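Asks: One-letter residues, chain by chain:
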Amino acid sequence: MKPAASILLLTTLTGFAYGLLAWLGLYVAAGAPLAARTLVLGGVGAGVVLATLGLISSAMHLGRKERAWRAFSQWRSSWLSREGVAAVLTYPVVLAFAWTEYRAPGGLAARALGVAAALASLGTVFCTAMIYASLKPIRQWHNPHTAPDYLLYALFSGGTLFALLHTVTFGVAGGAAALAALAALGALIAKLAYWRHVDAQSPLATLASAIGLPKDTSARPLDAPHFTENFILREMGFQVARRHAVKLRRITLVLAFALPLACSVAAHFEVLPLTSSALAVACAALGLLTERWLFFAQATHVSALYYGRKI
Amino acid sequence: MTMLPKREPTARKMGLVIDLDTCVGCHACAVNCKEWNTGGEAGILPDYDKYGANPDGVWFNRIHSYESGSGESSRTVNFPRSCLHCENPLCVTVCPTGASFKRAEDGIVLIDTDICIGCKLCSWACPYGAREFDEDNGVMRKCTLCIDRIYDESRPPAEREPACVATCPAKARHFGDLADPDSKVSKLVKERGGTDLLPELGYRPTNKYLPPRRAQIPTAPRESAGSGGRGIGTALLKLLDKALSR
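Protein sequence lines correspond, in order, to chains Y and B. Under the numbering used here, think of the first position of the first sequence as 938, with each following residue one higher. Under the numbering used here, think of the first position of the second sequence as 30, with each following residue one higher.
Calculated from the structure, these hints are not laboratory results. Please note that the accuracy of each hint is not assured.
[As the list claims (entries may be wrong)] Under the rule of at most 20 Å between Cα atoms (straight-line distance), these lysine to aspartate or glutamate pairs were calculated in the EDC-like manner:
(1) Y:1152 with B:76
(2) B:42 with B:270
(3) B:63 with B:50
(4) Y:1073 with B:116
(5) Y:1184 with Y:1153
(6) Y:1247 with B:96
It should be emphasised that the depicted structure is a prediction, and the values quoted were computed from it without experimental measurement.
Isolated chain Y (complex conformation) (with noise of 0.2 Å):
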């Protein structure tokens, strides 16, 4: 599947964004001193803006940009449509969590928001999941991993991003960096189970029984409609060559994974804990935008099986 950017940033940025409100709410709901406030406050800001900016993004990729609008209608069946109304209705959560964090910090209803917020947060990433989960003519998105994995990416993205700010406003990472730390390496075993799995899948189809011919029967291509490139072949048909393939999943462990995991276990021991939870968020966004453009690249799509293409 063709990796657009602009939906490799949505899924990217919502994945920190909602990943660092869960974790705020959640801290918020056990317990969080009074001292904690600016950095629940500044931290639904920053996760505030970066939902949006994400948002925004992923309405780029429309061909009818002013109809975007629509999109929240049809929540009962489409998963994107349920991303769209879950994405708007995390707002009102999030803003009512700040905002009695602000006037009563610490109190019942602050805590109850905050459990709240984190449903919300988390709830819509899982529905942006279900997006890619749900189609079933991928094979590599359409499987039990997809749902949970893109669940831990956020909690370990945006867990970088909690780790940072706590450092920002106590001057230690604390408990919030081994957090980071335990999401990364929990996403990182997650990353390889998912590239276990697809790899060992096989194809949904054969050519036979694409064209209604008995499955094993033996199939090739002749004559293509066409000569050259069209919608179905850029969209359904993009390929990543093998060795490039290869050398972006090592890049994506250590980047993404790897060093995130190094530096916020350094972070939680005080070792530069203001620059090595800065540096585990810089490397896990970089990284996550590497893994993301995997998962499209390497997505086959049974359509592509009509011009003769690997699914």
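Please arrange chain B on chain Y, whose structure you already have, making use of the hints.
Replies: Only chain B this time, still in chain Y's reference frame:
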């Protein structure tokens, strides 16, 4: 509304039956489809770089040719590919706006291009590659089963069929109601063992494809010189054949 409509038991299921045995791969259906639909009510079907090095554009119908089997049993299979108006169309349910919909009365899957936001998700949801993006108007396009022909009462009844069916010189394309067991198309599917494309994905396409048949025409055995007679003439011919065959 992108929820799938409840199908009335008496509702029609309009669709195509395509005969892979007689299709000659001439592309006439694709050309007439393009011709009709670029001038129809839905407006222009765009072309990009028309006279340049990389011509491209939106087509509702694409004709592939494949080779199947090997040796004596190998054969060419010409394969027209278009929307199959599935009974379980994921392209409809993923649509966030309601632009993509399936009609309850005849099962035709359509796009309301006045509502479509051009998110392309429906094209990702279709395993048949039947939807193509209109870059000029920023919306998705697809086969309409020539809805502006099949119900056009100003046409003589014999002409109320899709453009691709009307033009097929090999009569390899058939149009009708697949919910009616007595219709011409249903009978064809029954007689010839019509199949679904990609049945393993569970989209339950309405359009059916009739599989290619094995050649039924007996061929005469090869002739060899003089095999048919006796006498000096035949003997001489045999000698000549032997000499020439060296």
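Asks: Does the structure break any of the earlier hints, and which numbers would those be?
Replies: The structure breaks hints 1, 2, 3, 5; every other hint is satisfied.
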